[in-house]
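Please construct the entire structure, taking both the sequences and the accompanying hints into account.
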Amino acid sequence: MADRRRINGPGGTTLPPLYDDDPLPLPTRLRLPNAVRSVYLKTGVTPSASGSAYLEVESRNGAPTTGMKLSCTVHGPRSLPRSAPFSPHMVLTTHVKYAPFATKSRRGYLRDASERDLSTHLETALRGVLIADRWPKSGVDVVVTIIEGEEARQFAVDQGSEEWDMMNVLSACITVAAAAVADAGIDCVDTVSGGVAALVSLSDDGKSEIVLDPVATEHEEILAACCVAYLPNRDEITNLWLKGEVSSTDPGLYRNLIARAVYASKGTSQAIVGSLNEAVTGV
Amino acid sequence: MPLDTSTYSLALLRVDGRRWNELRRLHAQIRIQAAADGSSYLEMGNTKVMCVLTGPSEPQQQQQGQRRGQATAGGGKDAAINVSIVVAGFASVDHKKRGRNDKRTQELELIIAKTFASVAHTHLFPHSSISLALHVLSADGSLLAALLNAATLALIDAGIPMSDYIAACTAGSTSSYAAADDSADPLLDLNTQEEQELPFITVATLGETDRVAVLNCESRVQVSRLEGMLAVAVDGCKEVKQLLDKAIKAKGAKMIREGAAEKSDAMAMDLDE
Amino acid sequence: MATTHTLLSPAELNYLHTSLSLRPPIRSDGRLPTQFRPLTAETGILQGTNGSACVTFSDGAEAIVGVKAEIEKTPDAQQSGDADEKKARGDWVEISVEIPSQRDDDAATVFLGEMLREALLGDGEFAKKLWINRRFHWRLHIDILLLSPPLSYPLPLLSLTTHLALLATRLPKLKSEGDEDPMFDDDWESSVFVYPREGASEGTRPPITLLVVTVGDNVIFDPTKEELAVAETALAVSVAEVRRERPRGGMEVDSKGRELKLLSIRTIDPPSRLTPPGVPNGTATTATEGKPAPSNLSSETPVAGVWKAPLGGTKFTVVDGIIQAVLEKGGVADEVLDGLDGVELA
Numbered sequence: 001m002a003d004r005r006r007i008n009g010p011g012g013t014t015l016p017p018l019y020d021d022d023p024l025p026l027p028t029r030l031r032l033p034n035a036v037r038s039v040y041l042k043t044g045v046t047p048s049a050s051g052s053a054y055l056e057v058e059s060r061n062g063a064p065t066t067g068m069k070l071s072c073t074v075h076g077p078r079s080l081p082r083s084a085p086f087s088p089h090m091v092l093t094t095h096v097k098y099a100p101f102a103t104k105s106r107r108g109y110l111r112d113a114s115e116r117d118l119s120t121h122l123e124t125a126l127r128g129v130l131i132a133d134r135w136p137k138s139g140v141d142v143v144v145t146i147i148e149g150e151e152a153r154q155f156a157v158d159q160g161s162e163e164w165d166m167m168n169v170l171s172a173c174i175t176v177a178a179a180a181v182a183d184a185g186i187d188c189v190d191t192v193s194g195g196v197a198a199l200v201s202l203s204d205d206g207k208s209e210i211v212l213d214p215v216a217t218e219h220e221e222i223l224a225a226c227c228v229a230y231l232p233n234r235d236e237i238t239n240l241w242l243k244g245e246v247s248s249t250d251p252g253l254y255r256n257l258i259a260r261a262v263y264a265s266k267g268t269s270q271a272i273v274g275s276l277n278e279a280v281t282g283v
Numbered sequence: 001m002p003l004d005t006s007t008y009s010l011a012l013l014r015v016d017g018r019r020w021n022e023l024r025r026l027h028a029q030i031r032i033q034a035a036a037d038g039s040s041y042l043e044m045g046n047t048k049v050m051c052v053l054t055g056p057s058e059p060q061q062q063q064q065g066q067r068r069g070q071a072t073a074g075g076g077k078d079a080a081i082n083v084s085i086v087v088a089g090f091a092s093v094d095h096k097k098r099g100r101n102d103k104r105t106q107e108l109e110l111i112i113a114k115t116f117a118s119v120a121h122t123h124l125f126p127h128s129s130i131s132l133a134l135h136v137l138s139a140d141g142s143l144l145a146a147l148l149n150a151a152t153l154a155l156i157d158a159g160i161p162m163s164d165y166i167a168a169c170t171a172g173s174t175s176s177y178a179a180a181d182d183s184a185d186p187l188l189d190l191n192t193q194e195e196q197e198l199p200f201i202t203v204a205t206l207g208e209t210d211r212v213a214v215l216n217c218e219s220r221v222q223v224s225r226l227e228g229m230l231a232v233a234v235d236g237c238k239e240v241k242q243l244l245d246k247a248i249k250a251k252g253a254k255m256i257r258e259g260a261a262e263k264s265d266a267m268a269m270d271l272d273e
Numbered sequence: 001m002a003t004t005h006t007l008l009s010p011a012e013l014n015y016l017h018t019s020l021s022l023r024p025p026i027r028s029d030g031r032l033p034t035q036f037r038p039l040t041a042e043t044g045i046l047q048g049t050n051g052s053a054c055v056t057f058s059d060g061a062e063a064i065v066g067v068k069a070e071i072e073k074t075p076d077a078q079q080s081g082d083a084d085e086k087k088a089r090g091d092w093v094e095i096s097v098e099i100p101s102q103r104d105d106d107a108a109t110v111f112l113g114e115m116l117r118e119a120l121l122g123d124g125e126f127a128k129k130l131w132i133n134r135r136f137h138w139r140l141h142i143d144i145l146l147l148s149p150p151l152s153y154p155l156p157l158l159s160l161t162t163h164l165a166l167l168a169t170r171l172p173k174l175k176s177e178g179d180e181d182p183m184f185d186d187d188w189e190s191s192v193f194v195y196p197r198e199g200a201s202e203g204t205r206p207p208i209t210l211l212v213v214t215v216g217d218n219v220i221f222d223p224t225k226e227e228l229a230v231a232e233t234a235l236a237v238s239v240a241e242v243r244r245e246r247p248r249g250g251m252e253v254d255s256k257g258r259e260l261k262l263l264s265i266r267t268i269d270p271p272s273r274l275t276p277p278g279v280p281n282g283t284a285t286t287a288t289e290g291k292p293a294p295s296n297l298s299s300e301t302p303v304a305g306v307w308k309a310p311l312g313g314t315k316f317t318v319v320d321g322i323i324q325a326v327l328e329k330g331g332v333a334d335e336v337l338d339g340l341d342g343v344e345l346a
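Top to bottom, those sequences are chains A, B and C. Take 1 as the starting number for the first sequence in full-length UniProt numbering and just add one per residue. Take 1 as the starting number for the second sequence in full-length UniProt numbering and just add one per residue. Take 1 as the starting number for the third sequence in full-length UniProt numbering and just add one per residue.
Mixed in with the good hints there might be a few duds.
[As the list claims (entries may be wrong)] Only pairs whose alpha carbons sit at most 20 Å apart, straight line, appear in this in silico DMTMM-like list of lysine to aspartate or glutamate:
(1) B:K96 / C:E226
(2) C:K87 / A:D187
(3) C:K128 / A:E245
(4) C:K73 / C:E180
(5) B:K96 / C:D105
(6) C:K308 / A:D187
(7) A:K104 / C:D91
(8) B:K96 / C:E72
(9) C:K73 / B:E218
(10) B:K96 / C:E94
(11) C:K329 / A:E245
(12) A:K97 / C:D106
[What the hints assert, rightly or not] The following residues of chain C were derived to be distant from chain A, with all beta-carbon distances above 10 Å:
(13) Y15
(14) E42
(15) P196
Read the hints as simulated data drawn from the structure, not as lab findings. Ideal Cβ placement from N, Cα and C applies to all residues, glycine included.
Following this line, the structure appears as structure tokens:
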């Protein structure tokens with residue numbers, strides 16, 4: 001079915017430009033395996049939104065880029081448009097968007113597949129937390145903008161490790177969204193927080209170990225990673241995302257991985273509690 | 001790959017060995033899917049399409065239909081006919097991904113929606129919608145014709161009243177625009193290779209009548225050739241209609257045979273002979 | 001997950017939930033908790049593809065998957081390194097999911113596609129199969145078409161169809177050697193399967209993704225739309241079979257089932273969170289009498305026999321229980337893989 005009326009672009013693929021290798025030395029992990037990077041979290045940064053939060057993750061040692069920066073705004077709860085069908089609950093919509101300048105390769109203004117994927121994950125994580133039946137016939141929009149991404153360097157793209165960074169981004173999205181939802185005063189069963197753990201191979205001997213809050217470029221190879229959205233007071237998981245090769249010989253391995261990710265999320269949940277306290281008491 | 005027209009004039013055989021007025025093998029099936037209200041599968045040579053029909057049902061939200069970019073015809077007091085065509089990435093020789101907003105696909109959707117809105121008795125189902133999902137599994141020429149035929153079958157399967165069948169096929173002409181040779185023959189039912197080389201029209205008629213429901217021409221063709229092409233295409237449509245009719249009657253006969261058997265054990269025993 | 005909107009009343013939901021939380025659970029279609037819907041499968045249905053499959057579930061849900069391969073130049077070809085090292089990239093595989101009446105860039109559709117993709121590429125073995133030499137590789141397009149209107153969450157159907165299509169996928173046999181421009185054998189008969197028939201190496205089978213839900217304390221596989229509407233947790237778990245070289249002569253009869261490895265887990269947002277809550281008897285009257293304080297509380301405490309959409313997350317032990325049930329030797333995953341092994345490959 002050739003198109004005879006319009007002039008379309010070529011159907012085939014084109015090759016992306018090649019860049020020289022980054023001259024920078026590879027970063028290595030200096031933190032302990034069970035240490036997470038420190039974060040800065042502040043709520044109420046956008047006055048026009050009903051709730052907002054800003055999250056910054058500590059930059060790596062000696063890295064030229066600074067750490068990940070995210071902002072989240074919550075609009076609502078507000079009444080649904082007239083044309084929308086009746087809903088006995090609050091309708092939650094989540095948008096995750098990289099700023100065009102957030103990564104080395106420019107992100108377009110339209111959401112791409114990975115951004116849509118992230119927003120579905122975020123929706124799952126938040127939906128379990130909100131007490132949605134207190135707001136029938138209303139909607140709330142949660143918009144997360146990633147101002148600066150985690151891995152901006154060509155190296156990550158070459159390694160194919162950017163997919164692992166998605167987990168860190170998701171974890172940060174969950175944390176910042178939870179703080180913003182709390183700032184908006186929407187009733188939740190608990191404050192949810194994100195945490196990541198990964199199984200990395202140690203370069204010298206064929207062994208592997210579990211680290212918290214992994215940065216893909218700091219490790220030789222990531223075998224598997226797990227991201228959870230965790231409710232610390234209820235001891236429940238609202239979103240679980242695990243991928244990678246989990247060896248079949250050790251059935252306890254995936255259990256360990258999830259448990260470590262939960263442990264990491266407990267750390268971030270303290271940051272949320274701290275910043276919310278600060279917002280309330282004004283100290 | 002240019003079509004070697006010289007061989008045609010020698011043996012009067014086309015690239016796939018057909019004569020000028022021969023259709024490709026047409027294989028049609030209806031009621032292929034239990035979950036749908038009406039469904040059909042149609043092969044015209046190597047063009048393979050499938051149609052899944054839902055409805056008449058409560059219309060989906062108006063704006064949603066608009067946003068999805070589906071072609072809609074009718075609506076309001078009559079049933080709206082929504083058509084969406086999905087061309088599978090593996091349908092043609094080279095893999096090509098066509099999005100939902102592909103202009104070419106939208107054009108086809110609109111032609112089909114408008115055609116059936118005029119033929120089906122949509123006034124019997126006010127404020128409802130009939131959704132046709134057409135899947136192109138393999139495309140080898142005469143795509144619009146195959147889609148129209150498949151949609152006809154699915155509508156019949158769903159029991160939606162229509163004034164008659166819509167039977168469609170294509171016709172081309174061996175003469176190119178430049179060559180002013182008088183010996184050009186019209187050809188029936190073109191495949192991709194012929195479609196790329198020759199001017200052609202897609203015609204759909206209302207059943208076996210001479211009434212044309214769709215006439216679509218996207219290539220330049222000499223006016224003098226058009227009449228011959230049209231005549232051949234209308235004859236082809238009549239042939240197609242008979243083949244579609246046969247497929248439906250065969251399925252009907254089969255269902256009566258099987259349906260009678262099913263009825264007796266599903267209902268009471270007094271039906272048992 | 002707009003496709004799985006159900007029109008069930010709170011009373012119906014409560015009935016479903018109660019019968020599914022019994023031990024053993026009673027499913028509306030009479031299946032066992034670990035039983036799959038019967039399915040019909042066919043492979044090699046499309047001539048124009050490298051591999052294709054069609055699977056129909058007994059409820060009429062049908063999907064077709066076509067796999068097409070194209071040769072592509074590897075961008076960083078000048079990189080030196082030893083020739084045996086196969087540097088493969090995950091983006092050589094493209095998956096597109098088409099669901100009728102849904103946009104192809106709908107978040108839920110993208111989510112489905114990503115889920116199938118990460119299961120396939122989870123162990124990094126699959127991309128290596130597409131490596132031709134250091135300059136060229138295969139690009140694999142996997143097009144997944146759901147033909148029927150979306151009845152239930154289509155993940156298991158799409159996953160099983162993709163599994164079969166990949167099993168049936170063949171690539172032309174390579175004739176050239178080393179890093180020269182690839183030449184292939186024209187004879188389709190001599191083409192090689194992407195997943196070799198007789199093989200004992202790792203990664204010889206494509207993954208399958210199972211949809212598992214919990215209701216009460218029960219773990220239920222392959223839920224229908226109605227069962228999903230009352231589920232407390234829904235997880236998509238991808239597993240693959242590990243085939244290892246068995247010691248020859250030992251004649252170890254494979255009775256324990258196959259060895260499975262976990263590739264990915266994703267939480268699916270269960271549509272039960274969007275179901276309308278029931279109103280307990282009596283609360284409607286107390287609210288009008290001007291006692292606002294207890295009405296707020298009473299909506300929190302569940303009343304037996306009144307449906308309430310689940311809140312909160314899942315306990316770790318429940319998640320663990322689901323994974324255990326999937327990985328269990330001789331369990332559901334085994335049964336499904338056995339069934340799929342029985343499908344004749346065209």
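Each hint tested on the structure:
1. About 37 Å separates the Cα atoms of K96 (chain B) and E226 (chain C), which puts this hinted pair outside 20 Å; it is violated.
2. Between K87 (chain C) and D187 (chain A) the alpha-carbon distance is near 49 Å, which puts this suggested pair outside the 20 Å criterion.
3. Distance restraint check for K128 (chain C) and E245 (chain A): the Cα-Cα separation of roughly 15 Å lies within the 20 Å cut-off, and the hinted pair is therefore satisfied.
4. Pair hint K73 (chain C) plus E180 (chain C) holds up; C-alpha atoms about 12 Å apart against a cutoff of 20 Å.
5. Annotation: proposed proximity of K96 (chain B) to D105 (chain C) holds, straight-line Cα distance about 17 Å (limit 20 Å).
6. For the hint pairing K308 (chain C) with D187 (chain A), the CA-to-CA distance comes to about 17 Å; that is within 20 Å, so the pair holds.
7. Of the supplied pair hints, the one linking K104 (chain A) and D91 (chain C) holds, its CA atoms being roughly 18 Å apart against a limit of 20 Å.
8. Between K96 (chain B) and E72 (chain C) the alpha-carbon distance is near 15 Å, which keeps this suggested pair within the 20 Å criterion.
9. At roughly 36 Å between alpha-carbon atoms, K73 (chain C) and E218 (chain B) are farther apart than 20 Å, so this suggested pair is violated.
10. A hinted pair counts as satisfied when its Cα atoms are at most 20 Å apart, and K96 (chain B) with E94 (chain C) qualifies at roughly 12 Å.
11. A threshold of 20 Å between alpha carbons decides the hint, and for K329 (chain C) with E245 (chain A) the separation of about 18 Å falls inside it, so the pair holds.
12. Taking the CA atoms of K97 (chain A) and D106 (chain C), the gap is about 15 Å. The hint holds against a cut of 20 Å.
13. Non-interface call for Y15 (chain C) relative to chain A: holds, since the shortest CB-CB distance, roughly 19 Å, exceeds 10 Å.
14. Residue placement check: E42 (chain C) keeps its beta carbon more than 10 Å from all beta carbons of chain A (closest about 26 Å).
15. At the 10 Å boundary, the C-beta of P196 (chain C) stays outside the reach of chain A, the nearest C-beta of that chain being 20 Å off.
In summary, the structure is inconsistent with hints 1, 2 and 9 from the numbered list given earlier, while agreeing with the others.
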